[in-house]
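2 protein chains.
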Amino acid sequence: MALTSEQRVRRAAVKLFADKGFHGTGIRDLAQAAKLSSASLYHYMGTKEELLAGIMRECLTRLLTGAREVAAGQADPPARLAALVALHVLTHARRPAETRVVDNEVHALSAATRREIVRLRDAYEQLWAETIQDGLAEGVFHDSQPAVTRLALLEMCNGVARWYSPRGPLELDHLAIHYAMLALRMVASAESDCAAAVRAASEVVSTVWRTPL
Amino acid sequence: MALTSEQRVRRAAVKLFADKGFHGTGIRDLAQAAKLSSASLYHYMGTKEELLAGIMRECLTRLLTGAREVAAGQADPPARLAALVALHVLTHARRPAETRVVDNEVHALSAATRREIVRLRDAYEQLWAETIQDGLAEGVFHDSQPAVTRLALLEMCNGVARWYSPRGPLELDHLAIHYAMLALRMVASAESDCAAAVRAASEVVSTVWRTPL
Numbered sequence: 009m010a011l012t013s014e015q016r017v018r019r020a021a022v023k024l025f026a027d028k029g030f031h032g033t034g035i036r037d038l039a040q041a042a043k044l045s046s047a048s049l050y051h052y053m054g055t056k057e058e059l060l061a062g063i064m065r066e067c068l069t070r071l072l073t074g075a076r077e078v079a080a081g082q083a084d085p086p087a088r089l090a091a092l093v094a095l096h097v098l099t100h101a102r103r104p105a106e107t108r109v110v111d112n113e114v115h116a117l118s119a120a121t122r123r124e125i126v127r128l129r130d131a132y133e134q135l136w137a138e139t140i141q142d143g144l145a146e147g148v149f150h151d152s153q154p155a156v157t158r159l160a161l162l163e164m165c166n167g168v169a170r171w172y173s174p175r176g177p178l179e180l181d182h183l184a185i186h187y188a189m190l191a192l193r194m195v196a197s198a199e200s201d202c203a204a205a206v207r208a209a210s211e212v213v214s215t216v217w218r219t220p221l
Numbered sequence: 009m010a011l012t013s014e015q016r017v018r019r020a021a022v023k024l025f026a027d028k029g030f031h032g033t034g035i036r037d038l039a040q041a042a043k044l045s046s047a048s049l050y051h052y053m054g055t056k057e058e059l060l061a062g063i064m065r066e067c068l069t070r071l072l073t074g075a076r077e078v079a080a081g082q083a084d085p086p087a088r089l090a091a092l093v094a095l096h097v098l099t100h101a102r103r104p105a106e107t108r109v110v111d112n113e114v115h116a117l118s119a120a121t122r123r124e125i126v127r128l129r130d131a132y133e134q135l136w137a138e139t140i141q142d143g144l145a146e147g148v149f150h151d152s153q154p155a156v157t158r159l160a161l162l163e164m165c166n167g168v169a170r171w172y173s174p175r176g177p178l179e180l181d182h183l184a185i186h187y188a189m190l191a192l193r194m195v196a197s198a199e200s201d202c203a204a205a206v207r208a209a210s211e212v213v214s215t216v217w218r219t220p221l
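So the protein sequences, as listed, match chains R and D.
For what it's worth, the numbering used here labels the leading residue of the first sequence as 9, then goes sequentially.
For what it's worth, the numbering used here labels the leading residue of the second sequence as 9, then goes sequentially.
Hints are computed from structural coordinates only; laboratory data are not their basis.
One thing to keep in mind: the hints can contain errors.
Note that identical chains are pooled: a pair holds if it fits in a single copy or bridges any two copies.
With a straight-line cut-off of 25 angstroms between C-alpha atoms, the simulated PhoX-like cross-links for lysine-lysine are [to be verified]:
1. K23 / K56
2. K56 / K28
3. K43 / K23
4. K43 / K56
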């Protein structure tokens with residue numbers, strides 16, 4: 009399927025923002041990578057910040073859609089946490105550039121846009137917070153600092169976008185199972201069926217990322 | 009104590025590289041922040057890459073020195089892992105700009121310099137690997153993917169440089185104790201005296217970072 013000019017610009021921007029950062033990427037770099045003149049580039053993308061905001065909005069919306077879907081399928085807090093971790097890890101491993109942009113470039117946004125993007129991120133993290141809270145309330149998780157543990161979990165999983173390589177020795181599904189197990193250990197939960205959670209998350213990731221960003 | 013021009017340049021570079029990335033920082037930004045002309049800047053720092061490499065080398069050397077010191081003081085693998093985690097968390101919380109540059113900008117280095125910096129980072133991570141290996145060999149840790157768990161641990165702790173604020177509700181020592189406990193849970197260890205490990209690490213961090221970078 010041929011990409012539209014908008015999609016080509018967005019794809020070039022994801023790669024450049026991930027590799028060189030938002031501030032390190034010039035309009036000319038973008039135009040060159042998308043094979044457009046700077047003038048056509050403005051036509052397709054608006055300002056550089058609008059391009060960044062568009063990428064973040066779309067990527068976070070997909071993460072949020074996916075997380076709501078896997079969370080809705082798992083009433084049990086350990087299985088739900090395992091599925092959320094698997095979704096996050098699989099997304100970061102399969103879409104390292106997109107997720108690095110989301111995780112690293114929020115500070116580059118102006119105040120109004122940042123508020124909008126942070127609201128999306130908060131909605132996503134809220135699903136994690138509720139899952140941990142539910143596990144504590146049911147007595148199946150044990151943790152004295154759930155807000156800190158949530159941040160530790162998210163950062164542990166974000167890191168996958170920085171180091172994971174599909175050419176490495178570990179199969180991606182096994183990696184996700186291992187992360188889900190580490191997460192359950194962190195909240196002192198009995199182990200759940202992490203393999204089932206990873207299968208559910210894997211299907212959702214494939215669906216959510218089927219179309220170009 | 010007045011800073012030398014070299015120290016002023018380095019301090020400005022740490023802040024700019026951390027906020028805008030290496031590629032997003034221009035020579036003129038650096039000169040302006042350090043209150044020098046571009047020509048004097050070259051005199052004090054050499055190229056922009058030499059400046060980045062100098063910051064990374066010094067920061068990693070301090071991390072490595074500190075880690076060797078805390079590891080040498082703890083024969084027991086759980087106490088040693090707790091102390092390494094505490095050192096890493098305290099360093100990232102107290103020196104977020106320096107550690108963000110070390111954690112995020114390795115890819116910006118040219119091949120030869122990157123090899124040198126990655127060697128330092130490998131030496132540091134080797135202390136973590138040995139500690140986990142010792143715990144497994146003694147049967148006090150349980151983990152089927154120790155290399156993955158080490159990366160997960162490091163990324164979880166790196167994240168502190170991104171979100172920790174000294175104005176937040178959690179005291180830094182309590183944060184480090186919580187992280188040390190999460191780490192021990194991740195390797196299925198019985199809990200160790202994390203408060204003692206944090207006290208030891210805290211003293212080492214203060215000593216190692218006493219002089220300007």
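* To do: If the cutoff is 25 angstroms on CA atoms, where do K56 and K28 land: within, between, both or neither? Let me know, please.
  => Answer is both: 14 angstroms inside a copy and 15 angstroms across each meet the 25 angstroms cutoff.
* **Within, between, both or neither: K23, K56 at alpha-carbon 25 angstroms** => This pair counts as both: shortest intra-copy Cα distance 14 angstroms, inter-copy 23 angstroms.
* To do: Classify it for me, K43 with K56: is the Cα-Cα distance of at most 25 angstroms met within a copy, between copies, both or neither?
  => within (16 angstroms within a copy, 29 angstroms between copies)
* To do: Could you figure out if K43 and K23 sit no more than 25 angstroms apart (CA to CA) within one copy, between two copies, both or neither?
  => within (14 angstroms within a copy, 34 angstroms between copies)
Violated hints: none; the structure is consistent with every hint.
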